[in-house]
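Participant: Starting from the given sequences, assemble the full structure and let the hints guide the process.
The chain contents come next:
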Amino acid sequence: MASTAKEKELTYKEVSDSVLKMLEVPTGGWYVQLLICVSLVLVGASCWTYQILTGMSASGKSHPISWGCYITNFVFWVGIAHSGTLISAVLLLFRARFRMSIYRLAEAMTVFAVMTAGLFPLIHLGRPWFFYWLMPYPNQRTLWPNFRSPLLWDVFAVSTYFTISAVFFFVGLVPDIAAARDRAKTFFRKMLYGITSLGWTGSNSQWKHYMAAYLLFAAFATPLVVSVHSVVSWDFAMSIVPGWHATIFPPYFVAGAIFSGVAMVITLAIPLRKVFKLERIITTEHFDAMSKLIMFTSGIVTYAYITEFYVAWFSNNSFERFQFWFRPFGDFWVAFWGMTFCNCIAPLSLWYKPLRTNIAFLFVLSIIINIGMWLERFNIIFTSLAREYIPSAWGGYNFSWIDVGITIGAFGWFGMWMTLFVKFFPAVAISEIKEILPYPLRDKHALHH
Amino acid sequence: MAGDKAVVGVFTYLDDVLKAIAKVKSAQLDFRAYAPFGCPEITEAADEQRSPVRYFNITGALTGLVFGFALAILCSLDYPLRVSAKDVVSIPGFVVIGYECTILFGGLATLLAVLHFCRLPDILRKVGYDPRFTDDKFGIVVSCTGSQSDDVQSTLKSCGADEVQVKDGL
Numbered sequence: 095m096a097s098t099a100k101e102k103e104l105t106y107k108e109v110s111d112s113v114l115k116m117l118e119v120p121t122g123g124w125y126v127q128l129l130i131c132v133s134l135v136l137v138g139a140s141c142w143t144y145q146i147l148t149g150m151s152a153s154g155k156s157h158p159i160s161w162g163c164y165i166t167n168f169v170f171w172v173g174i175a176h177s178g179t180l181i182s183a184v185l186l187l188f189r190a191r192f193r194m195s196i197y198r199l200a201e202a203m204t205v206f207a208v209m210t211a212g213l214f215p216l217i218h219l220g221r222p223w224f225f226y227w228l229m230p231y232p233n234q235r236t237l238w239p240n241f242r243s244p245l246l247w248d249v250f251a252v253s254t255y256f257t258i259s260a261v262f263f264f265v266g267l268v269p270d271i272a273a274a275r276d277r278a279k280t281f282f283r284k285m286l287y288g289i290t291s292l293g294w295t296g297s298n299s300q301w302k303h304y305m306a307a308y309l310l311f312a313a314f315a316t317p318l319v320v321s322v323h324s325v326v327s328w329d330f331a332m333s334i335v336p337g338w339h340a341t342i343f344p345p346y347f348v349a350g351a352i353f354s355g356v357a358m359v360i361t362l363a364i365p366l367r368k369v370f371k372l373e374r375i376i377t378t379e380h381f382d383a384m385s386k387l388i389m390f391t392s393g394i395v396t397y398a399y400i401t402e403f404y405v406a407w408f409s410n411n412s413f414e415r416f417q418f419w420f421r422p423f424g425d426f427w428v429a430f431w432g433m434t435f436c437n438c439i440a441p442l443s444l445w446y447k448p449l450r451t452n453i454a455f456l457f458v459l460s461i462i463i464n465i466g467m468w469l470e471r472f473n474i475i476f477t478s479l480a481r482e483y484i485p486s487a488w489g490g491y492n493f494s495w496i497d498v499g500i501t502i503g504a505f506g507w508f509g510m511w512m513t514l515f516v517k518f519f520p521a522v523a524i525s526e527i528k529e530i531l532p533y534p535l536r537d538k539h540a541l542h543h
Numbered sequence: 081m082a083g084d085k086a087v088v089g090v091f092t093y094l095d096d097v098l099k100a101i102a103k104v105k106s107a108q109l110d111f112r113a114y115a116p117f118g119c120p121e122i123t124e125a126a127d128e129q130r131s132p133v134r135y136f137n138i139t140g141a142l143t144g145l146v147f148g149f150a151l152a153i154l155c156s157l158d159y160p161l162r163v164s165a166k167d168v169v170s171i172p173g174f175v176v177i178g179y180e181c182t183i184l185f186g187g188l189a190t191l192l193a194v195l196h197f198c199r200l201p202d203i204l205r206k207v208g209y210d211p212r213f214t215d216d217k218f219g220i221v222v223s224c225t226g227s228q229s230d231d232v233q234s235t236l237k238s239c240g241a242d243e244v245q246v247k248d249g250l
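Read top to bottom, the protein sequences are chains D and H. Last residue of the first sequence: 543 (the working numbering), numbering continuous. Last residue of the second sequence: 250 (the working numbering), numbering continuous.
A couple of the hints might just be wrong.
Here are the simulated lysine to aspartate or glutamate pairs, EDC-like style, with alpha carbons at most 20 Å apart [to be verified]:
1) D:Lys284 - H:Asp215
2) D:Lys538 - H:Asp95
3) D:Lys284 - H:Asp202
4) H:Lys103 - H:Asp231
5) H:Lys237 - D:Glu108
6) D:Lys279 - H:Asp210
7) D:Lys107 - H:Glu128
8) D:Lys538 - H:Asp202
9) D:Lys115 - H:Asp216
10) D:Lys279 - H:Asp215
No lab work stands behind these hints: they were computed from the structure.
Facilitator: Here it is in structure tokens:
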């Protein structure tokens with residue numbers, strides 16, 4: 095494999111030093127960030143508690159937009175979770191070198207984003223203590239869930255995605271935790287890394303089975319990347335609601351999820367790189383590669399938006415035609431045009447190469463894209479439910495402060511886990527970065543790497 | 081590992097440790113090699129057999145496939161409610177359940193296999209393990225008898241080991 099000039103300058107020790115330095119004693123800034131995140135979690139938890147105590151009317155949910163803000167958030171966070179497995183598994187199978195520096199962060203993002211997404215169906219349930227009714231468990235009434243329902247497929251898809259992503263994430267972490275264990279100084283760190291590294295030593299036997307298993311995990315996780323958001327899209331596409339009942343939904347959702355997920359990786363990687371001085375490990379080439387992925391998926395998303403309008407017109411179905419008139423010119427026009435600007439127009443700037451390596455610009459753009467992707471889910475859910483078939487059933491939505499509090503709390507929840515993770519576990523894959531460095535050879539011609 | 085002594089060689093260069101592995105193997109001594117990353121050259125030189133993890137993976141996946149379809153079919157038959165004019169046993173709808181269970185069981189079986197074959201968790205690390213092996217050094221730990229240890233030490237030194245130590249017990 096060819097190496098970039100910057101990678102050649104790095105040694106194994108420098109890689110370990112740079113990454114493990116992140117685990118040193120937390121600074122004041124880290125505590126402030128954690129405090130902000132925990133405060134947001136408390137805001138969200140208070141709102142949820144209030145909703146449980148007073149009923150679902152505390153949120154803005156009402157007929158006809160009964161999926162409202164919570165399912166918008168659910169689809170948004172599942173989408174964010176998507177790119178972690180794409181970057182770690184799919185790019186591993188394609189031998190894409192740029193994944194090495196960023197995949198750990200993307201995997202962590204996946205696991206924490208699914209943990210965030212998973213909260214929303216529970217919040218949406220109203221009586222979250224009955225969540226186990228979703229599971230097929232033997233019960234006295236011999237009632238079983240409806241396996242023909244996409245909502246049940248979703249339970250299986252999201253829980254499988256979470257389990258496999260968490261396993262893939264943890265297995266990938268083990269050798270790096272062992273590296274942290276061997277340098278740990280405090281009793282707490284020694285215990286933490288001693289237990290979580292499972293006694294990993296990096297012997298030839300361990301590496302042999304590990305590498306075989308890792309490739310199999312990647313091969314198994316790859317279909318999940320396609321399946322999880324396809325199944326989420328079927329929550330919509332399997333219904334006959336105008337604007338939802340479309341065969342284009344699965345690829346459209348998968349591309350959108352990768353688009354938003356890569357943007358979130360950029361949002362997280364830029365401050366991390368700056369704070370922990372990882373410029374030699376996460377280089378501008380990595381951002382350039384991620385920008386190209388954004389350009390590609392933005393193109394697919396834009397094409398899907400156009401196709402939806404074309405199909406609505408070509409179908410000559412008055413309900414579909416009305417729905418796609420309502421989106422740009424109806425009550426929620428701000429969301430539609432905001433989405434179009436954020437997801438279709440703003441990413442066009444990346445065709446200009448200097449902007450793909452302009453870190454400040456990329457940070458702002460990644461936030462714009464994430465706002466755009468939230469608006470996309472808002473558009474799909476709110477506009478279609480607001481204008482179904484019978485005009486007497488049409489309606490609007492009044493956001494309540496409970497909706498807003500829980501949405502903000504979710505960002506705090508996600509941020510809290512990410513903040514804790516980067517301080518306690520290696521957020522950059524030490525062993526895999528070493529893998530792509532030139533081998534240390536006494537005889538430089540002994541091996542070709 | 082057989083033998084009452086463990087000779088530990090610490091190496092900086094990969095080609096040196098590969099030479100040491102070849103020599104120790106040809107002397108038919110039991111050994112373990114260490115690397116700070118998954119180095120295919122070392123794993124192939126030390127052990128030519130492929131990992132059996134893949135058999136666990138495929139067994140788990142097939143079990144998951146059968147489980148997923150069986151779960152959906154048997155639950156539907158136990159509570160036969162026709163919904164939206166779909167068959168009670170509606171195979172196209174159950175493909176998703178079968179698919180997800182295939183991946184779930186395959187992944188979990190692979191996890192169990194990797195824990196089993198890597199002998200994890202292993203709280204007491206093996207004799208001869210050096211913390212530098214997870215940092216920037218390669219290593220080899222050779223099991224031998226007391227009478228063989230001098231020869232093994234000189235072999236490792238001749239291959240370019242930075243440091244050679246002899247440890248008791250295994």
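Participant: State the violated hints by number, sorted upward, taking the hints as numbered earlier in the document.
Facilitator: 5, 7 and 8
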